[in-house]
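Throw the hints in and build the complete structure from the sequences for me.
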Amino acid sequence: MTGTGVHSALARAGAYGVDGVPKMLVQGADIALAYVHAQIGGIVLPRILTVRLDGKTILSCSVSGRRLLSVEAGGKHCAIAGTEDKAAALDMLRQAVTQACSTPGVLTADTCPLRPAPPAGQAGISADEIARSLALARSDAGTDRLTAFVDSAGDAIHAAACLREDMLFPLKGSEDAMDRLADVVDALLEDLDSLHASFAPSQNTPSLLMFERPPKDFGLCAAFDGAQILLAETQPRSEAHLAHAWGELTG
Amino acid sequence: MTVLADISAGSVLAWDGAVKWPQEHLDALCARAKAALSLGTPKPQSAVLTQPFGTEIFVRAEQDASEVLCSVFAPKAALDTVIEQSRMLCTAILSPENDRRVGS
Numbered sequence: 001m002t003g004t005g006v007h008s009a010l011a012r013a014g015a016y017g018v019d020g021v022p023k024m025l026v027q028g029a030d031i032a033l034a035y036v037h038a039q040i041g042g043i044v045l046p047r048i049l050t051v052r053l054d055g056k057t058i059l060s061c062s063v064s065g066r067r068l069l070s071v072e073a074g075g076k077h078c079a080i081a082g083t084e085d086k087a088a089a090l091d092m093l094r095q096a097v098t099q100a101c102s103t104p105g106v107l108t109a110d111t112c113p114l115r116p117a118p119p120a121g122q123a124g125i126s127a128d129e130i131a132r133s134l135a136l137a138r139s140d141a142g143t144d145r146l147t148a149f150v151d152s153a154g155d156a157i158h159a160a161a162c163l164r165e166d167m168l169f170p171l172k173g174s175e176d177a178m179d180r181l182a183d184v185v186d187a188l189l190e191d192l193d194s195l196h197a198s199f200a201p202s203q204n205t206p207s208l209l210m211f212e213r214p215p216k217d218f219g220l221c222a223a224f225d226g227a228q229i230l231l232a233e234t235q236p237r238s239e240a241h242l243a244h245a246w247g248e249l250t251g
Numbered sequence: 001m002t003v004l005a006d007i008s009a010g011s012v013l014a015w016d017g018a019v020k021w022p023q024e025h026l027d028a029l030c031a032r033a034k035a036a037l038s039l040g041t042p043k044p045q046s047a048v049l050t051q052p053f054g055t056e057i058f059v060r061a062e063q064d065a066s067e068v069l070c071s072v073f074a075p076k077a078a079l080d081t082v083i084e085q086s087r088m089l090c091t092a093i094l095s096p097e098n099d100r101r102v103g104s
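If you're matching them up, the sequences are chains Y and G in order.
Just so we're aligned, residue 1 is where the first sequence starts under our numbering, counting upward by one.
Just so we're aligned, residue 1 is where the second sequence starts under our numbering, counting upward by one.
Hint data in this document are derived by calculation from the structure and do not stem from the laboratory.
Certain hints may be false.
Stated by the list, open to error - In silico lysine-lysine, BS3-like type, Cα no more than 27 Å apart, as pairs:
no.	chain 1	residue 1	chain 2	residue 2
1	Y	K172	G	K43
2	Y	K216	G	K20
3	Y	K56	Y	K76
4	Y	K216	G	K43
5	G	K76	G	K34
As the list claims (entries may be wrong) - Have a look at the derived ranges for each label pair, beta carbon to beta carbon:
no.	chain 1	residue 1	chain 2	residue 2	range
6	Y	T205	G	Q23	43 to 49 Å
7	Y	P214	G	L13	21 to 27 Å
8	G	P75	Y	G28	36 to 42 Å
9	Y	C112	G	T91	48 to 54 Å
10	G	A9	Y	D217	29 to 35 Å
11	Y	D217	G	A31	27 to 33 Å
12	Y	D155	G	E84	16 to 22 Å
13	Y	K76	G	H25	58 to 64 Å
14	Y	D30	G	T41	44 to 50 Å
15	G	A74	Y	D155	27 to 33 Å
16	Y	K76	G	P75	52 to 58 Å
17	G	G17	Y	G28	50 to 56 Å
18	G	T41	Y	D128	37 to 43 Å
19	Y	A88	G	T41	49 to 55 Å
Said to hold, decoys possible - Covered, in the sense of this in silico footprint (three residues per stretch, anywhere, with C-beta under 8 Å from a C-beta of chain G), are these stretches of chain Y:
no.	stretch
20	178-190
21	243-251
No experiment lies behind these values; they were computed from the predicted model shown.
Every residue, glycine too, gets a C-beta built ideally from N, C-alpha and C.
Right, here's the structure in full:
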């Protein structure tokens, strides 16, 4: 799915970060479960997700392709291999979060690479299944808008990845295009914080910045939506088309 | 609104437009042009920033040139036309070849 450059860029993204560790002040289990679900729904590459309340680990999960593969909480481990495991894993997740979050506190989540990476497939439980099983509303609207932009841009975007918190999520692209994009991401990482501050000064101001850089074989665009940044390799001279697609989504 | 700026000095060289902008707005536009066209290596030749309240186009005539033409358009502007026209205008007024023609 991705080239080695993306993994390099991912490591750099982890080193620099864009917006720090995601935090949420929670005052009940429902909000905490929605927070954990949003983290799972945002992870594409294989990662171990660790959720802490006031710095104390309450839950650790293996996640890949927005699918929960295993849960570890309270000294117990549940790998999801069959239907019964799904119910047991979700029960463990719900209990761990509910018990820990009965009193107000600050939830944080961080991730590290999952090694060895599991094979791609339909193992585990998808984020959508988790939301349905736990009766949660979807909370990753920002990612949805960036994904919708990539879809509506069509061939004008060759490769795209979303940088969110400390993770880079590939959204589209062949291995070659993704490698070129990863090189660009790698070169720009140190500038991303200032870029975000310059062009997306408000969380409520979605912005699209498009570049033409020599050599002119490819363009580059950065879309800012809240704390998320979409980086994409684009067709040269496609700015008007991309701006139109962006305008349709952001109004 | 069209502004000619020197992004290395951070100064506005000239401007024209239907609406008179206060100096601080012109300075902020110049700062955005500098931020956009200073990103990475090689430096971008042009940049287009689209936000809900309009579109800004930053173009330099030559690679690494510090003189930049900045144009500001309202939402719903015909970007397919104005982006290309901004590039042509930038070339017309900032190209060194034109300097030589003017001087001869």
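| request: Sort out which numbered hints this structure fails and list those numbers smallest first. | output: 2, 6
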